[in-house]
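Number of protein chains: 2
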Amino acid sequence: MNDSFDTLENVTYEELNEGDTATFARTLTEKELVLFAAVSGDCNPVHLDPEFAANSMFGERIAHGMWSGSLISAALATVMPGPGTIYLDQTLSFKRPVKLEDTLTVNLTVLRKEPKNRVVFQCDVINQNNQKVVTGEAKVIAPTETVNLYKPALPNINIEGYD
Amino acid sequence: MNDSFDTLENVTYEELNEGDTATFARTLTEKELVLFAAVSGDCNPVHLDPEFAANSMFGERIAHGMWSGSLISAALATVMPGPGTIYLDQTLSFKRPVKLEDTLTVNLTVLRKEPKNRVVFQCDVINQNNQKVVTGEAKVIAPTETVNLYKPALPNINIEGYD
Chain A
1 MNDSFDTLEN VTYEELNEGD TATFARTLTE KELVLFAAVS GDCNPVHLDP EFAANSMFGE
61 RIAHGMWSGS LISAALATVM PGPGTIYLDQ TLSFKRPVKL EDTLTVNLTV LRKEPKNRVV
121 FQCDVINQNN QKVVTGEAKV IAPTETVNLY KPALPNINIE GYD
Chain B
1 MNDSFDTLEN VTYEELNEGD TATFARTLTE KELVLFAAVS GDCNPVHLDP EFAANSMFGE
61 RIAHGMWSGS LISAALATVM PGPGTIYLDQ TLSFKRPVKL EDTLTVNLTV LRKEPKNRVV
121 FQCDVINQNN QKVVTGEAKV IAPTETVNLY KPALPNINIE GYD
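Protein sequence lines correspond, in order, to chains A and B.
If you use our numbering, the first sequence corresponds to residues 1 to 163, in order.
If you use our numbering, the second sequence corresponds to residues 1 to 163, in order.
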């Protein structure tokens, strides 16, 4: 987890320009699969049970599609524009499955600035083989004031039976 | 968590009809806030720090918007159509904040059936005051074969400092 950075800075509406880009990366671990099942309530065995998943069309456990969506959301909320962003709309197209140990990178690009501090972003999530796993567009209200926040440390989370 | 049901049944493309509805409900606890921050990497203090959130425009801690998105995904994956569904597209419009102890209900409605087992759903997430918090549409490939799966039990998850 990206906890080496302990502050969150934003990019204001004024500072954003068409074509600006930012990235945010995470790797899918078993722990993520369990936590996403717990927090969403989606306990489908294709995400949780190695034996079941081995016999599924995917051949192994896969991530919940919306996990990739949550990474887009995290990229917008913590990287660009960052703190103070208000999320209005998101479209998501799920292109291919995400498997254990895949490293996903969210690529955000400013598509256009609109009146009233609205900004539209292209959101592409790619895996370590440069394959698109999710694409979409986000519309947000960008912050108008610079903020530089401390990033709260997460408490330790222990999952029984997982390291 | 909706663990009183230990099987997951699906509704096939054939069985789905325009206007069919299904629901899926969850309540936002502090534990969900921490887990969603951990699994998405979005540690904005507006989700995690009561004092910071008290001085924000929201006045208290709020859920990550994509948590509501994850409930829509869970409703499609586990209730209607359920196991065997392949997620293609999702649109999300975030309408209002979700606060601790809010109970969200995902209401799914079949908008239309399309060729090649495609089904489009209206997805409305409402709170306990019947206010829409998220709306959108989902397109999926519905399963063509009936399946009735056991639902894996989640391991215990302990968060340091939280009960």
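The reader is advised that the hints may include incorrect statements.
Chain copies aren't distinguished; within one or between two, either way the pair holds.
Said to hold, decoys possible - Dumping the calculated DMTMM-like pairs for lysine to aspartate or glutamate here, alpha-carbon to alpha-carbon at most 25 Å:
| hint | residue 1 | residue 2 |
| --- | --- | --- |
| 1 | Lys116 | Asp6 |
| 2 | Lys132 | Asp89 |
| 3 | Lys139 | Glu60 |
| 4 | Lys113 | Asp49 |
| 5 | Lys151 | Glu60 |
| 6 | Lys31 | Glu114 |
| 7 | Lys151 | Asp49 |
| 8 | Lys31 | Glu51 |
| 9 | Lys113 | Glu145 |
| 10 | Lys95 | Glu145 |
| 11 | Lys31 | Asp163 |
| 12 | Lys31 | Asp49 |
| 13 | Lys31 | Glu15 |
| 14 | Lys116 | Asp49 |
| 15 | Lys31 | Glu145 |
| 16 | Lys132 | Glu14 |
| 17 | Lys151 | Glu51 |
| 18 | Lys139 | Asp89 |
| 19 | Lys132 | Glu15 |
No lab work stands behind these hints, which were simulated from the structure alone.
Bear in mind the structure is a predicted one, so any value in this text is a computation, not a measurement.
Comparing the hints with the structure gives:
In this homomeric assembly, Lys116 and Asp6 never come within 25 Å of each other (Cα to Cα): the closest approach is 31 Å inside a single copy and 48 Å across copies. Both within a single protomer and between protomers do Lys132 and Asp89 lie at most 25 Å apart by alpha-carbon distance, with minima of 21 Å and 14 Å respectively. For the homomeric pair Lys139 and Glu60, the shortest alpha-carbon distance between copies (24 Å) is at most 25 Å, but the shortest distance inside one copy (34 Å) is not. Taking the shortest alpha-carbon separations for Lys113 and Asp49, neither the intra-copy value of 44 Å nor the inter-copy value of 31 Å comes in at or below 25 Å.
Taking the shortest alpha-carbon separations for Lys151 and Glu60, only the inter-copy value of 17 Å comes in at or below 25 Å, while the best intra-copy value is 35 Å. In this assembly of identical chains, Lys31 and Glu114 lie within 25 Å of each other by CA distance neither inside one copy nor across copies; the values are 39 Å within and 37 Å between. For the homomeric pair Lys151 and Asp49, the shortest alpha-carbon distance between copies (10 Å) is at most 25 Å, but the shortest distance inside one copy (34 Å) is not. For a Cα distance limit of 25 Å, the shortest separation of Lys31 from Glu51 inside one copy, 17 Å, qualifies, whereas the shortest one across copies, 29 Å, does not.
Taking the shortest alpha-carbon separations for Lys113 and Glu145, only the intra-copy value of 16 Å comes in at or below 25 Å, while the best inter-copy value is 46 Å. Proximity of Lys95 and Glu145 under a CA criterion of 25 Å is satisfied inter-copy only: 23 Å between copies versus 36 Å inside one chain copy. When the C-alpha separation of Lys31 and Asp163 is checked against a cutoff of 25 Å, the pair qualifies both within a copy, at 8 Å, and between copies, at 20 Å. Proximity of Lys31 to Asp49 under the C-alpha cut-off of 25 Å is found in both arrangements, the shortest distances being 13 Å within a copy and 24 Å between copies.
For a Cα distance limit of 25 Å, the shortest separation of Lys31 from Glu15 qualifies neither inside one copy, at 37 Å, nor across copies, at 36 Å. For a Cα distance limit of 25 Å, the shortest separation of Lys116 from Asp49 qualifies neither inside one copy, at 47 Å, nor across copies, at 29 Å. Proximity of Lys31 and Glu145 under a CA criterion of 25 Å is satisfied in neither setting, with 36 Å inside one chain copy and 31 Å between copies. With identical chains, the CA atoms of Lys132 and Glu14 are never at most 25 Å apart, being 30 Å at best within one copy and 31 Å at best between copies.
For the identical chains of this complex, Lys151 and Glu51 are inter-copy neighbours only, at 13 Å across copies versus 39 Å inside a copy, given an alpha-carbon limit of 25 Å. For a Cα distance limit of 25 Å, the shortest separation of Lys139 from Asp89 qualifies both inside one copy, at 5 Å, and across copies, at 17 Å. For a Cα distance limit of 25 Å, the shortest separation of Lys132 from Glu15 qualifies neither inside one copy, at 28 Å, nor across copies, at 33 Å.
In this structure, the hints that do not hold are numbers 1, 4, 6, 13, 14, 15, 16 and 19, in rising order.
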